[in-house]
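Peer 1: Keeping their order, the protein sequence lines are chains R and C.
According to this note's numbering, the first sequence is numbered sequentially starting from 1.
According to this note's numbering, the second sequence is numbered sequentially starting from 1.
Incorrect hints may have been included.
Straight-line distance between alpha carbons at most 20 Å, and here's what the computed SDA-like set of lysine to any residue pairs gives [claimed, not checked]:
hint, chain 1, residue 1, chain 2, residue 2
1, R, Lys68, R, Pro114
2, R, Lys76, R, Gly40
3, R, Lys68, R, Asn49
4, R, Lys57, C, Glu102
5, R, Lys57, C, Lys57
6, R, Lys57, C, Asn101
7, C, Lys57, R, Asn3
Output of the computed footprint for chain R on chain C, the stretches with three or more beta carbons under 8 Å from beta carbons of chain R [to be verified]:
hint, region
8, 9 to 18
9, 105 to 113
Distance ranges between label pairs, derived from CB positions [unchecked claim]:
hint, chain 1, residue 1, chain 2, residue 2, range
10, R, His113, C, Ile77, 42 to 48 Å
11, C, Asn28, R, Lys76, 32 to 38 Å
12, R, Gly53, C, Lys69, 40 to 46 Å
13, R, Arg59, C, Arg110, 48 to 54 Å
14, C, Lys69, R, Ala16, 49 to 55 Å
Note that these hints are calculated values from the structure, not bench results.
Built from N, CA and C at the ideal position, the CB exists for glycine as well.
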Amino acid sequence: GQNIDQPTEMTATEGAIVQINCTYQTSGFNGLFWYQQHAGEAPTFLSYNVLDGLEEKGRFSSFLSRSKGYSYLLLKELQMKDSASYLCAVRDRNHLGGSYIPTFGRGTSLIVHP
Amino acid sequence: EAQVTQNPRYLITVTGKKLTVTCSQNMNHEYMSWYRQDPGLGLRQIYYSMNVEVTDKGDVPEGYKVSRKEKRNFPLILESPSPNQTSLYFCASSPGGTLGNEQFFGPGTRLTVL
């Protein structure tokens with residue numbers, strides 16, 4: 001199976017930058033996702049990485065290193081509304097669901113304070 | 001509007017009383033999944049379906065059944081619910097083939113089994 005690890009909780013200040021790390025172990029890596037989930041709501045898609053490097057999308061960027069089994073989500077110019085859980089999810093060709101249904105980490109709860 | 005719907009959104013029931021949580025998507029997606037989310041454990045996959053009449057177990061299938069008779073619907077069945085199935089449940093769908101990236105989640109069903 002997979003082993004996906006991310007910090008349980010992080011805090012940051014409004015306007016600052018925060019980096020949320022995710023490490024994983026897979027036998028058939030086929031893509032890594034980041035989702036945002038506000039309390040009591042459904043997860044919503046943020047980013048997808050399948051090749052090494054940085055993907056930038058507005059205030060959010062996601063980085064992947066396949067050789068290190070490592071990704072991070074970078075949030076810039078933090079706003080209060082960014083307080084949420086951030087879920088790292090990995091697809092593994094050799095895991096359940098073949099190539100298309102990911103397994104999720106336990107999520108990182110980000111608290112943004114004024 | 002493209003969406004995944006779940007019903008009911010909230011349900012309180014008693015041990016042993018069979019229940020079904022419905023899930024429907026209007027995006028013609030091939031892949032559908034059910035997850036449960038518990039504090040400290042993150043999103044765990046219960047069952048998934050790659051297409052009509054094709055379903056398989058996820059990481060935590062015990063006590064659950066599913067069916068996929070039509071592409072749009074993927075109901076979750078609890079034949080004899082128990083208190084350890086008290087949880088927040090999410091249905092998700094995604095397109096197949098090379099487009100199978102982002103998962104779209106339903107709004108969630110909060111289930112309490114007494």
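Peer 1: Hint by hint, say whether it matches the structure.
Peer 2: Now the hints, each set against the structure:
The hinted pair formed by Lys68 (chain R) and Pro114 (chain R) fails the criterion: a straight-line CA distance of about 35 Å is larger than 20 Å. With a CA separation close to 24 Å, the supplied pair Lys76 (chain R) and Gly40 (chain R) exceeds the 20 Å bound. With a C-alpha separation of about 14 Å, the suggested pair Lys68 (chain R) and Asn49 (chain R) falls inside the 20 Å cut-off, and the hint holds. Distance restraint check for Lys57 (chain R) and Glu102 (chain C): the Cα-Cα separation of roughly 15 Å lies within the 20 Å cut-off, and the hinted pair is therefore satisfied.
Restraint check for Lys57 (chain R) and Lys57 (chain C): the C-alpha separation of about 35 Å exceeds 20 Å, so the hint is violated. Between Lys57 (chain R) and Asn101 (chain C), the direct Cα distance comes to roughly 16 Å. Compliance with the 20 Å bound is thereby established for this hinted pair. Restraint check for Lys57 (chain C) and Asn3 (chain R): the C-alpha separation of about 19 Å stays at or below 20 Å, so the hint holds. Residues of the region 9 to 18 of chain C lying with their CB closer than 8 Å to a CB of chain R number 0, which falls below the three-residue condition for coverage.
Coverage of a stretch by a chain is defined here by at least three residues with a beta carbon nearer than 8 Å to that chain's beta carbons; for the region 105 to 113 of chain C and chain R the count is 4, and the condition holds. The hint said 42 to 48 Å for the Cβ distance between His113 (chain R) and Ile77 (chain C), and at roughly 43 Å that hint holds. Checking the proposed 32 to 38 Å range against Asn28 (chain C) and Lys76 (chain R) shows it holds: the Cβ atoms sit about 36 Å from each other. A hinted range of 40 to 46 Å holds for the C-beta pair Gly53 (chain R) and Lys69 (chain C), which are about 42 Å apart.
Arg59 (chain R) and Arg110 (chain C) have their C-beta atoms about 31 Å apart, which leaves the hinted 48 to 54 Å range violated. Between Lys69 (chain C) and Ala16 (chain R) the beta carbons are some 50 Å apart, a value that agrees with the proposed interval 49 to 55 Å.
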